[in-house]
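With the hints as constraints, model all of the structure from the sequences given.
These protein sequence lines map, in sequence, to chains A and B.
For the first sequence, our numbering gives the first residue as 51, with consecutive numbering after it.
For the second sequence, our numbering gives the first residue as 162, with consecutive numbering after it.
These aren't lab readings, by the way, just hints derived from the structure by calculation.
Even glycine gets a Cβ: it sits at the ideal position worked out from N, Cα and C.
Mixed in with the good hints, there may be bad ones.
Claimed, not checked - Listing some non-contacts, in silico: residues in chain A with all C-beta distances to chain B over 12 Å:
id, residue
1, L95
2, T115
3, S117
4, T127
5, T136
6, V160
What the hints assert, rightly or not - Capping the alpha-carbon separation at 27 Å, the derived lysine-lysine pairs in DSSO-like fashion look like this:
id, chain 1, residue 1, chain 2, residue 2
7, B, K215, B, K261
8, A, K107, B, K261
9, A, K81, B, K166
10, A, K81, B, K261
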Amino acid sequence: EADIYQTPRYLVIGTGKKITLECSQTMGHDKMYWYQQDPGMELHLIHYSYGVNSTEKGDLSSESTVSRIRTEHFPLTLESARPSHTSQYLCASSVGLGYTFGSGTRLTVV
Amino acid sequence: DQQVKQNSPSLSVQEGRISILNCDYTNSMFDYFLWYKKYPAEGPTFLISISSIKDKNEDGRFTVFLNKSAKHLSLHIVPSQPGDSAVYFCAASEYNQGGKLIFGQGTELSVKP
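Here it is, written out as structure tokens:
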């Protein structure tokens, strides 16, 4: 039973479209993260938040933006999708170093 | 500048034998290390961790060894089972960095019956 939910699981979308990837957790964790991962590559941190109204960019530069208006919700938005955004996006939350990951969103931009 | 490296992209092992997955790091400030297991189209799940004050941690079939002088850690799985087939990620954290995890590239383990 997942405590962190990501929707959609798969998304194929055309170039130039605006998309929002949803991430919600029911554990009350203050810290939440977005990672991007391509096959055979490491997970790259693109955004993180340590609480409501707190967001920071991660180590990998990303054209996406995030918001944290509620503790349980940490959506990621791409204003204009491009083929270079094709990847798997993983959301996680943590207390201490105990990360819980969602199932991920596999995004394909055509 | 990759701080956590897993130099073997894949590993194939016979069922019942030992699997050894390796991980190297460059940042001597890392003080906590973790291993995650990931199936295709799923998020990583936590497997085992070790603090930098220890050199070994064991949990059932899984043991993690840390060699700080060599900046190297390894995950041993014994005996290996077909259900262990997955991608294994090594991750490291520095306390002063607020709990952010830095991941390696992963090693795909295949356990053959």
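**Request:** Hints the structure violates: just list their numbers, smallest first.
**Result:** Hint 1 alone not satisfied by this model.
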